[in-house]
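Q: Read off the chains here:
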Amino acid sequence: MFDSWLPEAASSYAEKIDGLLVFITVIVGAWFLASEALLVYLALRYRRVEGRPAAYIPANTLRVMAVVLVPCVVILVFDLVIDAVAAPVWHEIKETQPPHDALIRVSGEQWAWRFFYPGPDGVLDSADDFEVVNEMHVPVGAVVLFELVAKDVLHSLWIPALRLKQDAVPGRSIRGWFKATREGRYEIICAEICGFGHTLMKSGLVVENQTAYRAWLDSQQGTQLAEAGHPGQR
Amino acid sequence: MDDSTVAKLEGANLEDLGIPTGRLAMWWFLASEISIFGGLVCIFVLLRWRHPEWASEAVHTINAAGALNTVVLLTSSLSAVLAHQAAEDGRYRKAARLLGATFGGGVIFLCVKAYEYSHEIHAGFVPARSMFWSFYYLMTGLHALHVIGGMVAMFVIMLSVRKGLNPQRVEYVGIYWHFVDIVWIFLFPLLYLAS
Amino acid sequence: MAHSAHHPPVGFLGRYVFSTDHKVIAKQYLFTGIFMALVGGFLAYVIRMQLTFPGESIPGYGHVSFVHYNAVVTLHGTIMIFWVAMPVLLAALANFLIPLMIGAEDMAFPRLNMLSYWIFLLSTVVLLSSFFVPGGAAAGGWTSYPPLSGSAAFSGGQWGVSLWILAVALEFAAFLMGGINFITTAFNMRAPGMKLFDMPIMVWLQVVAAIVFMLSVGPLIAGAVMLLLDRLVGTGFFDPAAGGDPLLFQHLFWFFGHPEVYVVLLPGFGVIGEILPVFSRKPIFGYRMIIYATFVTGVMSFIVWAHHQFIAGIDPRLATPFSITTILISVPIAIMVFSYMATLWRGSIEFKTPMLFALGALAVFLLGGVTGIHNGTPAADIFLHDTYFVVAHFHYALIPPVFFAFFAAMYYWFPKMFGRMLNERLGVAHFVFTFFFMNLTFLPMFLLGFMGHQRRIADPRVFDTLRNAQVENLHWLATIGAIGLLLGQIPFLVNLVMSLIRGERAEANPWRANTLEWTVPSPPGHGNFERQPVVYRGPYEYSSPESSEDFLPQNAAP
Ligand SMILES: [Cu+2]
Ligand SMILES: [Cu+2]
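Chains as they are written, first to last, in our numbering: chain A, 21 to 254; chain B, 459 to 653; chain C, 80 to 637.
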């Protein structure tokens, strides 16, 4: 099956998106193959043969047009089914916000990702915030709330393993969430053309267990607390 | 189809919608113009509604000049209507004179607009000052370009209709001029009065 | 209206350069479009080579820096949509065919028509000149989203994007003039007896395309002016620091951008709709149904644009409504496709080159159509957006109308345009190469998209997930396909040149077709019709019981 082509799935909603991709592909794939077969069949079956004239079928009555309209109504039904199946997935991922365990501000700029952690007080834009460039750490199994901003031009936060993509827009702070379900190192990519360095704008995502995450937090806070400025929204 | 229908079709006129081609073209042209100004007006209204603070900028537009220009444009539209009437009646010199009056209205409009721009720019209200002024210059500027375009067309038509050539064009340029007028009637309250 | 008909122009300049004859203007658009297709095709070659051999010097171009790569991608898209699809499908075909098909001596406004071409040519020169200015051509993608394109500080060159905007604006002005001509001509200059619903599908679809274009382009014209002011005057329409909003431009762009898809698609479908009945010897299936489906498509195309912006930062609650409209637009399109297929049913099909390309267009378009459902489903789009899946999808959706239908049109109407037949054997070879290599180029991209390969990157090896043999192999396949596709056009170009010089002379009606353009000599003289034709019936009376022959021209007296 083609889903083996998809990248590793490492978030709570990754499998739902994958399932949807398979679902849509199966439905439209079946339609595609059937239509293609019909096209080839019609073309070959009714190729020119001496002594077999074409039929005169202008199809100007509904009865005859039904040949086309009925399949189209069926298509309409399938369309609506697909949307009905897909809408809840979208709703869960982009329209709802489960209670979060961690908060991170992600900022795109030409050509790097910066990650701002709120520090012990759990509040961004306070004195104990700290900043990491090009590597985001998150605890496994925890709901992470991110606030996505951009400093200069459009970027797009693209973490294939999490099935997470969201454009970052200057002047806006866009909230979203994910729950990484598998420990490991993944790639964070920019998916929106953002200038010469676009290709090189990538960084890492480290999904680790609570202990390792705590230790990483402590080490970052220890080194950065003194020099922490006031990173934050413009 | 029987023979009489065939005979009727031979030598018949071209099939059309019953609207002169020039007028039809003008309507379609204006339809695309409406999508330009309509788009801009929609954006402006949405933004203006979200930003009541633009009012403090909008008070610096010169209402009296805007009002004067509204009157000027309306009057010039009237003479365009009269010019159309005269052209229909076959009184081409009169039509040309009336078009000339409309043209004069355009000149006055542009002079007033130029006065406003220079005044505002001297007072520091340049396009880059704030979003309100950006929109102000964008919309009035685009409108002024349309006024200039209409005047060029009107001038050409004035010269030809004097000699009795293409009198139907008086109507078409008149339709265009009404459109320019209507756009202004949207812009005037939005940019000047709503402060 | 067309006073010029009474005194044909004299001299080389008057006849071939500054001509107001719709047929000459059509050829001017045609050759300019073909030239630009070669430029756009060359850029595609550069893209494919760079992705397969990143960092290496490309024969014929040289080393591609990341700066250049973005410009190459941007210009490839811009040229193929605005300088190939539009001039060839809309301007060239509509110019040539509308007057001939409705029995008119020329367009309603021949001089406006000439002006349209010259403005278009100017826009072409402006666009091409942007390659050579300091800082290079525009490099912000064919959508030119601000803030990237809003300031030289973000995208390098001061000139590139400004010239891009200027060129696009001039081009729009040219097509507005053309569009007015197409609409008024079709509405007001039909031969006696030709009711609106006696017009060939081609004319109808061109008219709907022109109307959709004229009604959708306004906001983008405004947006282009705003972007230019942002760059040159320092306004901040799209600059958040000045209170502007980058997303506003996206809305203006896609309000036009999505209807634009249908502006290109409909004329292509018009070509297919002309060719299928002729080579099946059967009336088109459900003439009115097809035309009504186009109306619905045209109207609906105005309310789907935000499907390009599901994850762009718009309110997520907008996604599902726009997704429903998007998915629904598949229904009228499906009606058209199925009606075309039903035209074959119980026909007598002759596989001449125009028919091969028409059938090929349908076969390829089916895949482009169904994969639109993937992209139009917001939750699936989270993964697929900005990946090669999207690239594969829109190439599958647009290559059928822009290239397959265009080739079909060339093989079909070339005799009428130039008075000579194109060579069948070369034509069949051209079709086989084009069909095979087109699929070889773009099928792998669906898989690349499923692997999460994003668009517009100059070097896949930068990414851990893409640094593997699978990705490399797929890029290889696509590149071989692209080179094959480009080389596969050689038979066509050879065919054009050879046939122009010594092709078989074409008779007036070589395909035994019904529409009015086949009632005049090939090529038609100045003024088209020696006697005003009179129309007695619709355009698709093939194998009609009323006639002993298998066709019944629109103007044959009953
Ligand atoms: Cu980027
Ligand atoms: Cu679209």
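One or more of the hints may lead you astray.
[Stated by the list, open to error] Think about it this way: if two alpha-carbon atoms lie no more than 16 Å apart in a straight line, the pair counts; the simulated EDC-like pairs of lysine to aspartate or glutamate are:
1) A:Lys36 with A:Glu155
2) C:Lys274 with B:Asp547
3) A:Lys222 with A:Glu207
4) A:Lys222 with A:Glu129
5) A:Lys222 with C:Asp538
6) A:Lys171 with A:Glu129
7) B:Lys621 with B:Asp547
8) A:Lys199 with A:Glu228
9) A:Lys222 with C:Asp543
Honestly, the hints are just simulated from the structure, not real lab data.
Keep in mind it's a predicted model, so treat the numbers as computed, not measured.
Q: Evaluate each hint against the coordinates.
A: Evaluated hints:
no., hint, verdict
1, A:Lys36 with A:Glu155, "26 Å, violated"
2, C:Lys274 with B:Asp547, "33 Å, violated"
3, A:Lys222 with A:Glu207, "7 Å, holds"
4, A:Lys222 with A:Glu129, "11 Å, holds"
5, A:Lys222 with C:Asp538, "13 Å, holds"
6, A:Lys171 with A:Glu129, "5 Å, holds"
7, B:Lys621 with B:Asp547, "15 Å, holds"
8, A:Lys199 with A:Glu228, "12 Å, holds"
9, A:Lys222 with C:Asp543, "10 Å, holds"
Hints 1, 2, counting from the list given before, are not met by this structure.
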